[in-house]
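Make a model of the complete structure from these sequences and hints.
Those protein sequences? They're chains C and F, same order as listed. Residue 0 is where the first sequence starts when you use numbering that gives the first Met the number 0, and the numbers rise one by one after that. Residue 0 is where the second sequence starts when you use numbering that gives the first Met the number 0, and the numbers rise one by one after that.
Be aware that one or more of the hints could be misleading.
Calculated cross-link-like contacts (lysine-lysine; reagent style BS3-like; alpha-carbon spacing at most 27 Å) [said to hold, decoys possible]: (1) K500/C - K115/F; (2) K115/C - K82/C; (3) K434/C - K362/C; (4) K457/C - K527/F; (5) K457/F - K484/C; (6) K559/F - K544/C; (7) K115/F - K484/C; (8) K451/C - K527/F; (9) K527/C - K431/C; (10) K434/F - K500/C; (11) K431/C - K503/F; (12) K451/C - K434/F; (13) K115/C - K484/F; (14) K457/F - K484/F; (15) K431/F - K527/C; (16) K451/C - K338/F; (17) K500/F - K329/F; (18) K527/F - K322/F; (19) K35/C - K304/C; (20) K564/F - K338/F; (21) K174/F - K203/F; (22) K503/C - K328/C; (23) K151/F - K344/F; (24) K362/C - K82/C; (25) K434/C - K304/C; (26) K457/F - K431/F; (27) K151/F - K457/C; (28) K434/C - K503/C; (29) K431/C - K329/F; (30) K127/C - K258/F; (31) K544/C - K544/F; (32) K431/F - K544/F.
No wet-lab data here; the hints were simulated from the structure.
Chain residues, written in single-letter form:
Protein chains: 2
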Amino acid sequence: MILQRLRSEMKKENIDCYIIPTSDPHGSEYLHNHFKEREFITNFTGSAGTAVVTENQAFLWTDGRYFIQAESEIKESGFKLMKMGIEGTPTYIEWLSENLKSNDLVGLNGEYFMVKSYEKLKHTLEEKSIFIKDIDLIDNIWENRPELPNGKVYIHDFKFNGKSSLEKISLIRNKLNYYNANITVISSLDDIAWTLNIRGSDIKYCPFVYSYLIIEEESVVLFINKEKLEQKTYEYLNKICYIYEYDEIFNYLGKYNNKKFYIDKNKVSVKLFGSINNSNNFVYGNNITEDLKSIKNAVELENQKNAYIKDGVALTKFIYWLKNTVKLKKINEYDAALKLQEFRKQQKYYIEDSFETISAYGKNGAMMHYSANNENSLIIEERGFLLVDSGGQYLDGTTDITRTIVMGSLTEEEIEDFTYTLKSHFMLSTCKFLKGTSGRDLDILARYNLWKNNLDYKSGTGHGVGYFLNVHESPPSISPRSTEKSLEPGMIVTNEPGVYKEGKYGIRIENVYEIVEDTTVGNDVFYKFNVLSFAPIDIEAIDMKLLDNYEIAALNDYHKKVYEKISPSLNSDERKWLYNVTRELIR
Amino acid sequence: MILQRLRSEMKKENIDCYIIPTSDPHGSEYLHNHFKEREFITNFTGSAGTAVVTENQAFLWTDGRYFIQAESEIKESGFKLMKMGIEGTPTYIEWLSENLKSNDLVGLNGEYFMVKSYEKLKHTLEEKSIFIKDIDLIDNIWENRPELPNGKVYIHDFKFNGKSSLEKISLIRNKLNYYNANITVISSLDDIAWTLNIRGSDIKYCPFVYSYLIIEEESVVLFINKEKLEQKTYEYLNKICYIYEYDEIFNYLGKYNNKKFYIDKNKVSVKLFGSINNSNNFVYGNNITEDLKSIKNAVELENQKNAYIKDGVALTKFIYWLKNTVKLKKINEYDAALKLQEFRKQQKYYIEDSFETISAYGKNGAMMHYSANNENSLIIEERGFLLVDSGGQYLDGTTDITRTIVMGSLTEEEIEDFTYTLKSHFMLSTCKFLKGTSGRDLDILARYNLWKNNLDYKSGTGHGVGYFLNVHESPPSISPRSTEKSLEPGMIVTNEPGVYKEGKYGIRIENVYEIVEDTTVGNDVFYKFNVLSFAPIDIEAIDMKLLDNYEIAALNDYHKKVYEKISPSLNSDERKWLYNVTRELIR
Numbered sequence: 000m001i002l003q004r005l006r007s008e009m010k011k012e013n014i015d016c017y018i019i020p021t022s023d024p025h026g027s028e029y030l031h032n033h034f035k036e037r038e039f040i041t042n043f044t045g046s047a048g049t050a051v052v053t054e055n056q057a058f059l060w061t062d063g064r065y066f067i068q069a070e071s072e073i074k075e076s077g078f079k080l081m082k083m084g085i086e087g088t089p090t091y092i093e094w095l096s097e098n099l100k101s102n103d104l105v106g107l108n109g110e111y112f113m114v115k116s117y118e119k120l121k122h123t124l125e126e127k128s129i130f131i132k133d134i135d136l137i138d139n140i141w142e143n144r145p146e147l148p149n150g151k152v153y154i155h156d157f158k159f160n161g162k163s164s165l166e167k168i169s170l171i172r173n174k175l176n177y178y179n180a181n182i183t184v185i186s187s188l189d190d191i192a193w194t195l196n197i198r199g200s201d202i203k204y205c206p207f208v209y210s211y212l213i214i215e216e217e218s219v220v221l222f223i224n225k226e227k228l229e230q231k232t233y234e235y236l237n238k239i240c241y242i243y244e245y246d247e248i249f250n251y252l253g254k255y256n257n258k259k260f261y262i263d264k265n266k267v268s269v270k271l272f273g274s275i276n277n278s279n280n281f282v283y284g285n286n287i288t289e290d291l292k293s294i295k296n297a298v299e300l301e302n303q304k305n306a307y308i309k310d311g312v313a314l315t316k317f318i319y320w321l322k323n324t325v326k327l328k329k330i331n332e333y334d335a336a337l338k339l340q341e342f343r344k345q346q347k348y349y350i351e352d353s354f355e356t357i358s359a360y361g362k363n364g365a366m367m368h369y370s371a372n373n374e375n376s377l378i379i380e381e382r383g384f385l386l387v388d389s390g391g392q393y394l395d396g397t398t399d400i401t402r403t404i405v406m407g408s409l410t411e412e413e414i415e416d417f418t419y420t421l422k423s424h425f426m427l428s429t430c431k432f433l434k435g436t437s438g439r440d441l442d443i444l445a446r447y448n449l450w451k452n453n454l455d456y457k458s459g460t461g462h463g464v465g466y467f468l469n470v471h472e473s474p475p476s477i478s479p480r481s482t483e484k485s486l487e488p489g490m491i492v493t494n495e496p497g498v499y500k501e502g503k504y505g506i507r508i509e510n511v512y513e514i515v516e517d518t519t520v521g522n523d524v525f526y527k528f529n530v531l532s533f534a535p536i537d538i539e540a541i542d543m544k545l546l547d548n549y550e551i552a553a554l555n556d557y558h559k560k561v562y563e564k565i566s567p568s569l570n571s572d573e574r575k576w577l578y579n580v581t582r583e584l585i586r
Numbered sequence: 000m001i002l003q004r005l006r007s008e009m010k011k012e013n014i015d016c017y018i019i020p021t022s023d024p025h026g027s028e029y030l031h032n033h034f035k036e037r038e039f040i041t042n043f044t045g046s047a048g049t050a051v052v053t054e055n056q057a058f059l060w061t062d063g064r065y066f067i068q069a070e071s072e073i074k075e076s077g078f079k080l081m082k083m084g085i086e087g088t089p090t091y092i093e094w095l096s097e098n099l100k101s102n103d104l105v106g107l108n109g110e111y112f113m114v115k116s117y118e119k120l121k122h123t124l125e126e127k128s129i130f131i132k133d134i135d136l137i138d139n140i141w142e143n144r145p146e147l148p149n150g151k152v153y154i155h156d157f158k159f160n161g162k163s164s165l166e167k168i169s170l171i172r173n174k175l176n177y178y179n180a181n182i183t184v185i186s187s188l189d190d191i192a193w194t195l196n197i198r199g200s201d202i203k204y205c206p207f208v209y210s211y212l213i214i215e216e217e218s219v220v221l222f223i224n225k226e227k228l229e230q231k232t233y234e235y236l237n238k239i240c241y242i243y244e245y246d247e248i249f250n251y252l253g254k255y256n257n258k259k260f261y262i263d264k265n266k267v268s269v270k271l272f273g274s275i276n277n278s279n280n281f282v283y284g285n286n287i288t289e290d291l292k293s294i295k296n297a298v299e300l301e302n303q304k305n306a307y308i309k310d311g312v313a314l315t316k317f318i319y320w321l322k323n324t325v326k327l328k329k330i331n332e333y334d335a336a337l338k339l340q341e342f343r344k345q346q347k348y349y350i351e352d353s354f355e356t357i358s359a360y361g362k363n364g365a366m367m368h369y370s371a372n373n374e375n376s377l378i379i380e381e382r383g384f385l386l387v388d389s390g391g392q393y394l395d396g397t398t399d400i401t402r403t404i405v406m407g408s409l410t411e412e413e414i415e416d417f418t419y420t421l422k423s424h425f426m427l428s429t430c431k432f433l434k435g436t437s438g439r440d441l442d443i444l445a446r447y448n449l450w451k452n453n454l455d456y457k458s459g460t461g462h463g464v465g466y467f468l469n470v471h472e473s474p475p476s477i478s479p480r481s482t483e484k485s486l487e488p489g490m491i492v493t494n495e496p497g498v499y500k501e502g503k504y505g506i507r508i509e510n511v512y513e514i515v516e517d518t519t520v521g522n523d524v525f526y527k528f529n530v531l532s533f534a535p536i537d538i539e540a541i542d543m544k545l546l547d548n549y550e551i552a553a554l555n556d557y558h559k560k561v562y563e564k565i566s567p568s569l570n571s572d573e574r575k576w577l578y579n580v581t582r583e584l585i586r
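Put into C-alpha cells, the structure is as follows:
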C-alpha cells in the first residue's frame, strides 16, 4: 500500500507528519498529472484537498462539493475523510496544532507550498514548538510518475492581443520603479503567458507552459524546458529575454545580492522564495501583471466580442439539437457534453474547452460542480432542466456561459425558481454603479430577489475571466467574500446567480459582461455592464407574472441582440427556431 | 489676539507646533462648552475640525459641510482654512509630516486625544524624528472658560430599560472573563449611562453625565462630581459601585499592578491610558458595552415603539400645522423648528431634542447639516420642499426622523427626485437578508434606484440609534464605509437616502427600523426590517408612474399603519387630514 511506503520514508527521515497539498510549483488552479501528488497518495481525484499522514493516522481534507466522491474514492487508501466547513471539523492546521506533540517534525515539499499559506502554517505550529522540514518524500515512492508535459510553445499573435511583450514589460518596470524594487519573480503561468504573449498546452483547459520569469531593470530571464521551443518561437523569445532551463531558476535566484524583490506570496513557492539570499530586501503584493492583464485593451475587447458570438453560436446550435434530439432518442448528460464540444470545435480559433463541461440533468444540477462521465451519466428525460455550464478557449478569448434548458414539463416550483434566478441576473446586469464600487458591494444585487423568496446560493455571484488565459481570473470578483478592489472599465466578469435544491434540481443563468463607462455627472462617474455572451434564455421556464416591467424589457432587449448576433451563423431551421424562442414577450 | 497668546505659551515651553482637536476626555460626539477649545482658539463653531498652530502658521482643517461657515467664522482669528477631502489638500497629519523639521516638538493635550488617533499621529511623526509632548497650553490663556456643567444625575427607571445595572455588570464581567482580562475602563459617557442606568444633563441633546467607570472582577468604581448626586441617586449608585471624584481616576488607575486591562483605544484618552503603569497587560477592542447595548432588550423594544408613536404624533401635528399656516402668515425655517419642538414637548416622557433640528427650505435643503437660526432663516414660500430632520430624547427612547414636506407647487425634477428617493427607501426597507449580512452589504440597495438615474448622496444610508442615549450609536451602520459587523435582531437603524442638488433643493426620507427575524429555511436564517417611525410621507410629491407595484404596496401598507398608530392622538381636523394624506393610492 502506498501509504505504508510513505510512512517508511517518513520513519527513515524522522518525519512525524507529512502534508501533501493540491498544488504545482506555480499555484495553478488546474494541475498536470505530474503534480497530482495528493491524488496519487489518496486516490481522490477532486480538484481541491489536503492530505495529512502521521505514523498512525491519515486524513484527507476536502470541501462540500466532494464529500460523496471523496468518501468513495479513498475507501482503499487508508485515509479518513475530514469534511471541511462542517461544524466541529477542524481545519488541517488546527488539527496539526491540536494533535501533534511539541518537538514533532512536520515534513512538506516546499516546491508545492506557496509562501503565504506556508507562513500561516509555520506561525501556528511554532506556537506549539512543532517544526517544519522541507523535504520531498513522494517522488521516491511514485513509480511510473507521469513525466512533465512537453507540448510546444507558440506565439500568441499581436493581432489577437494588441500589445507587444516589450510594451508589457515596460509597464511592469514602471510599476517596479513605483515600488522602488529592482526585480520581480513571476511564477504564475497565466501571468507569464500574458507577459510574453506566448501560449502552450502543458495543462488541460489552460493554454500555459510550465516556466518562471524574472524581470529586472535591465534584463528579462525566462526559465523553460527549451525542447518546447521551436526555432521560430525561440527566436521570438530570444529577442525579449535570456532563456534558461526550467530548473535553473533556483540557482539563478541565489546569485542576487542586495537587491529589492517584488514578490507575490500567494504565487511564489517556499522553495523559490527560499532560494533568494538574505542580503536582499522585499516588497510584497499581488503580481504586478494581475491588474495590468485584468483590464483588457481595445484589441482584446474587440476580438473577444467575436469569440463570444462564436461561442454563442455553438451553444445555440447545441440547444436546438438537444431539444429536438431528446424527443427522438436516448441521450445522457455525457453525450450532451460531447455534442456541445463538437459544436465548439467547429468555431474559428477554437483550441479547447476552458473547463470541464457541467452537463447536469435534474437532481444532478443541484451539485454545483457536477461532472458527468460515460458511466455515471443520467439519461435526459422529457421533463425538468438540463443545466449546462461550459466554455471555450479561443485564440481570441476565453468564454464561460451557463444555460438551464427546459427538457419538457416543469413543476410550478421549477418555473418560479427559474424566474427568480432570471430576476437576480437582470438586477445585477442592468444596474449602474459609481466608480470605486467593488464586486463585493454589488453581490447583494444578485441575491436581493432570491432572499425575498427565502432562497440563496452558496457561491460567489461572479468571477473575472481571462483573455485566452484562465477562465477564473483575479482580481475581479463579485462575491460577499471578495476584496474591496473596485471594478474598472475593461474588466470582464461573470454574473451567475442560481437556485440549487438538493435531490431536485439546479438552476443557473450565467453571462459574461465587460465593464464600461456610462455617464459622468459632476464628480460622479457611473459604470455599467455590457453583455458579451449571446444565447437564448429558455422562455418556457418563465412566469411572466413574477417579472417587473424593467425585467421584461431587459429580457426582450437581450433576446433581440441574441437573434441579431447569432442568427447569421445558423441554418434556416435553427434560425426559425431561434426567432421564435427570442421573440418579444408581452405581459 | 488669542493666537498670539498661544504662540507665546508655545515659545515658553519650546513647542514648535500645537494641535487642538475637537474632543472631550470621553471621545463624545457632542461637547459641553467647557471642552470647545478648538472653537475658542479659531472662532469656528462647527462640530468637527482640527486646529494646528506653528510659530508662523495657523490652520483649521474641516470638512465639506462647513467650508462656507468656517471661512467666514475664522476671518479674524489668524487661521487659514484647510478643506478636507478636496484633492490636493493634505490631512493635518500629512501636513505636519511634510512641513515640520526633524527634532521639532509637537504639543497636544493628551486628555483630548483618544489613544487610536494619537498612535497614528505618533507613528507618522516619529518616522521623521518629530516628537510629541503632552501639554495643556489652552487652559492658561482661556479667560472666562465655561465651568464644567453641574446638572443633577437621575436614575433611569427599570420599567424603561428592563435590565438592572447589576445584571449588565455581570454580562460585562462574563465578557472580561472571555478575554482573560481583569479590568475594563469605560470612558464613553453613553456606555456609562447604559451600564449604571443613570442619566444626566451635562451635554445638550445627550442625557449623559461626565464620569469614568472601572469594572473589575470584584468591584465597580465610578468617578463623578459627587455634587451631582442627590441623596437618592447616591444611595442607588452606592449599592452598585464605589464612588470617587471625577478627577481621581488618574491616580486610581496608577495603583494597579500586574493586571490585564480590556481597553477601547477609540474611547480612552492618552492621559487616561498613560496613567496605567507598565506592569499591566492589555487586550484591545471596542467597548464591551457597545455590542450589549446595541441589541435592545424586549422591554426597551416595547417602550421604544410607544416613544416612536408619540414622536410621530408630534411630527404629524406639525406637518398639519405647517401646511395650513404657511398659507396664512409668514413663517421661516427657525419658526418651524421651534413649533415642532413645541409639539414634541407635549409628549409624555419628552426630555429634550436628540439633536439640533434641521429645518431647511428650498436650496438650504441641499446642505446636509444645515441649521437655521433666527437671523439667517429663509421664509418658507408656497412652493418647493421644507426638509425637516429632527428627533427627541424620551425616557422611553431616542427618535430620529426626516420628512421632506411639499409647501406648494413642485417642478417635475423635484417630483422625480422625491420619487427616486422613496424607491430607494423602500428597496432597503422591504428587503430580507441572510444572517451575517452587514450594513455595509445592504447600503447599495438604497442607492440602486438613484444610481440608475445618475444620482447619489455623499453620506451613509443609516446609523444605529440609542435607547434614550446617543442618536448616533455604534456599531450598527449602513454605509459603504461601515465595518463588516453583521446586523442582528434587536438592533435599531435609520434608513435615510436622499437627493441633494446644490442651489436647488434637498430631499431625504428617513425612518427608523428594528431588525427582526423573518424565516429560517434549512441553515438559512433570514432577517428583515420592522418600521418604528410613523408619519405621513408626502404623496403630493410622488410620480406614480415611476413606482413599481411592490413599492405602491409598500407605501399603502406603511400609510395604513401610520393612520392606525397616529390618528387616535389627533384632533378631528388633524385626523380628517391624515386620513386623506394616507389614503390608499392606486395606479
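| Hint numbers contradicted by this structure | 1, 3, 16, 18, 19, 21, 27, 28, 29
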